[in-house]
Structure formats: structure tokens, C-alpha cells
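Just so you know, the protein sequences line up as chains A and B, in that order.
Under my numbering, the residues of the first sequence are numbered 1 to 217, in order.
Under my numbering, the residues of the second sequence are numbered 1 to 217, in order.
By construction, these hints were calculated from the structure, which means they are not laboratory data.
The list cannot tell twin chains apart, which means a pair is met if one copy fits it or any two copies do.
In silico DMTMM-like cross-links for lysine to aspartate or glutamate, where the CA-CA straight-line distance does not exceed 25 Å:
1. Lys-96 <-> Asp-84
2. Lys-4 <-> Asp-63
3. Lys-37 <-> Glu-124
4. Lys-93 <-> Asp-63
5. Lys-93 <-> Glu-80
Computed from a prediction, not measured in an experiment: that's the story for all the values here.
Each chain, written out:
There are 2 protein chains.
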Amino acid sequence: MSLKLYGYWRSSASYRVRIALNLKNLAYEYMPVHLVKDGGQQHAEQYVSLNPSELVPTFVDEDEDIILNQSLSIIEYLDEKYPDVHPLLPPHKVEKARVRALAYDTACDIQPIANLRVLNYLSEHYNVDGEGKKAWCQTWITKGFRGIEKRLQNTAGDYCFGFNVTLADIALVPQVYNAERFGVDMSAFPLIRRINDNCNELDAFKSALPEAQIDAS
Amino acid sequence: MSLKLYGYWRSSASYRVRIALNLKNLAYEYMPVHLVKDGGQQHAEQYVSLNPSELVPTFVDEDEDIILNQSLSIIEYLDEKYPDVHPLLPPHKVEKARVRALAYDTACDIQPIANLRVLNYLSEHYNVDGEGKKAWCQTWITKGFRGIEKRLQNTAGDYCFGFNVTLADIALVPQVYNAERFGVDMSAFPLIRRINDNCNELDAFKSALPEAQIDAS
Numbered sequence: 001m002s003l004k005l006y007g008y009w010r011s012s013a014s015y016r017v018r019i020a021l022n023l024k025n026l027a028y029e030y031m032p033v034h035l036v037k038d039g040g041q042q043h044a045e046q047y048v049s050l051n052p053s054e055l056v057p058t059f060v061d062e063d064e065d066i067i068l069n070q071s072l073s074i075i076e077y078l079d080e081k082y083p084d085v086h087p088l089l090p091p092h093k094v095e096k097a098r099v100r101a102l103a104y105d106t107a108c109d110i111q112p113i114a115n116l117r118v119l120n121y122l123s124e125h126y127n128v129d130g131e132g133k134k135a136w137c138q139t140w141i142t143k144g145f146r147g148i149e150k151r152l153q154n155t156a157g158d159y160c161f162g163f164n165v166t167l168a169d170i171a172l173v174p175q176v177y178n179a180e181r182f183g184v185d186m187s188a189f190p191l192i193r194r195i196n197d198n199c200n201e202l203d204a205f206k207s208a209l210p211e212a213q214i215d216a217s
Numbered sequence: 001m002s003l004k005l006y007g008y009w010r011s012s013a014s015y016r017v018r019i020a021l022n023l024k025n026l027a028y029e030y031m032p033v034h035l036v037k038d039g040g041q042q043h044a045e046q047y048v049s050l051n052p053s054e055l056v057p058t059f060v061d062e063d064e065d066i067i068l069n070q071s072l073s074i075i076e077y078l079d080e081k082y083p084d085v086h087p088l089l090p091p092h093k094v095e096k097a098r099v100r101a102l103a104y105d106t107a108c109d110i111q112p113i114a115n116l117r118v119l120n121y122l123s124e125h126y127n128v129d130g131e132g133k134k135a136w137c138q139t140w141i142t143k144g145f146r147g148i149e150k151r152l153q154n155t156a157g158d159y160c161f162g163f164n165v166t167l168a169d170i171a172l173v174p175q176v177y178n179a180e181r182f183g184v185d186m187s188a189f190p191l192i193r194r195i196n197d198n199c200n201e202l203d204a205f206k207s208a209l210p211e212a213q214i215d216a217s
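Chain A extracted, bound-state conformation (with noise of 0.2 Å):
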């Protein structure tokens, strides 16, 4: 198969590439790297040489002879190679900035913070328990939730932004699984709630579930 990615069945950013695979039809080969097991796969020679900032997802186009990493460059990528099916940005440059912002708003501000490799520096240098990394991501994401429910005030419809699936769903819904998984209070976030539920029965985004990859444990 000419397309490969390498990712983790837990990486919210993974699993962005996943849905954004799905939502253009695209076959692929899933290639897991265990960011726990071995002390991190990610760590390993072989996949330096594909990766050198050490973090999934990575992405392979055989075809264009191209090696990626970053998941939203990734979906911009396969975006501007496959217009046609299920475009991931709206056409005009206004709206095309407003989603991207609202994607930002997850991919930037909230989900670096609080990921693997920073729990990880805080139990080692601080001796941050699991209640306080429990704290920490629930801190961030409710901080980033707040901002980006306000917004959806004024862009949602049955999605983020309006009534077709965008870069701006693919960043939240991974988010809102995160924010599940730790326990944040999500009363205070009835749309992001509304869109996440509506994206879910979606088949694109029910094949790209954690638990529906091969290498969930």
C-alpha cells in the first residue's frame, strides 16, 4: 500500500490522521509505535530516521516520495491532494481561517500540554501523582474548552463550524475522548458535547476510535 501511518492507538493526534484518512476514503497501512513499551518505540533508531522530533504521528506517501510528520500538516496535505472527497476546509479565506483558528485552539493550546512526555517530566522532576496529572490535564482543557465553546456560540451547527465536518471537528473530537479519559467536567460544554456525539456516529470517525486500532491494549 502506497500510504503509511505510523501512530498510536492513544495519540490524539494519531487518531486526527486516522479520521482524516477515513473521511477521504483513502486506504493505508497502520504501522504502530508503542510510545510506553521498550522505554518508547518513538525512540527507536529506525523510527528517528523518519521522525526526528521523536513523536507520532508520521505519515508516508510513497507516491509523492514524501515522509511527514505534524498531523495537521499531514491533513492539509492529503486536503490540497484529494479536493474533491469530503473537503476538510471551507472555500472562502475568512471561514478557512476561522476553522483552522478553532483547530489551533485544540492542537496547539491544549493537547501539547498536556501529553505523555509532559506527565511523564512531571512525575520525574516533581513527583506529580496520578491525581495531579489527573489535575493538570483537566486545568488545560477545560482552560482551552471554555474558549473554544464560546466560539462555537457563534460558528456550530451540527458540527464546528456549520453543517459539514472540517479540520475543526478532527482536532476536538480526539480532545473531547482525552477529556473523558481524565475526568473533566464537561457540563459547562453542551456544544462541544452536541458536536462530538454527532461526529461519532459518523463511520470515519468510529473506524479511527483508540479502541478500534490494532494496537490498543
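Got chain A sorted already, so can you dock chain B onto it with the hints?
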């Protein structure tokens, strides 16, 4: 003036947008939002009505009646609105994806972790002192720069991607500024240093420098 940028001199996300506005030769009104004074002016009611995430920057384009957050979304918007003045992304989808990934390497995986609000949390909850905060920032910047430096070996000319300034440089230079502030050992990153020096010779970068802003102190 129809373009307004709400920002803070030391915020690297604000710094990015200033560089982009300068490269595009756009006049704009700079509206300082002091992130420390008054308990943080980004939390003041009037600002929150513009940006419910309570973060800088916020960009206002009165002609299009648009209020936008997220520096990278603002910059892509400017690039679409003014495509003929100094394009900030290369034309081909593969090159575009590489440039975006380099920008996200900083904007997602370094900057949000080594951010003022995160550092405040560390001191409030874990009593992390000045030296501990410095070590925290050094850790994430160094990890990120290691990946970027390796990628630049395949893409760099005078700038991150060949011989034109792109979104990747706009993301990198403010991060180098921060790295120097936090005493990161830059000796392992010769390409990053060279590109940073090349960018800082350009007027668009010089006049975007934190200390050149009216709110610098």
C-alpha cells in the same frame, strides 16, 4: 486603520504575526495587552469579548469584519488575502506541507509548553522556582530544536525552506529569541542559528522584535 493587532511584546505568537504583517508591507495598529499587569489584561472583560481563549494575539480586520485568534491562522489568512506580496508558503502541496510541519514543530510542540501560563502553574502548584522554570523551558526547546535541526539539513538554504522566507522562519525566529532568553545551549543547532541570523538582518524581522514594540519594558 482597518487592521489591528492585539498583542504583547514578549509573546512569541504576537511576534510571529508582527513579522508576517511586516513582510506583507501592511500598516496596522498595535494594541498592547499586558500579560502580567493588572493580573493579566488578557483576562479583562473587554478583551475576553474579542478573544474568549484569554490569550494573545487577536487580529482584527475591519474591512472583512473579522476577529481572529491563533497566530498561524492569522498568518495563513494574510497570505491568502495578499498572495502577491511575499508569499509565505511555497506553491506545491508537498513543499507546503513541509513548511507547515516545520512551523508546527515550534508552534505546537515547543511554544505552548514553555508558555507564561504554564510556568505560572508550575510555580503556584509545585513551587517550581526560577531555575526550575528555566530547566523546564530548556528541556522542551532543546527537544524541539533537535528535531528541527535534523529536518533543516534536508530543506534549508538561507532560510528554513530554501531561499525565501516562509511561515517556518516566522515560527522559528521568535522561538530562538525565547531560547536565548532561557539560556538554551545553541551550540548544537548551527543551522537554526544561521537561519535566525539571516532573518534578523531583514527589516521585517527587525521591526517585529519584542524590544522594538511600544509596550516593551
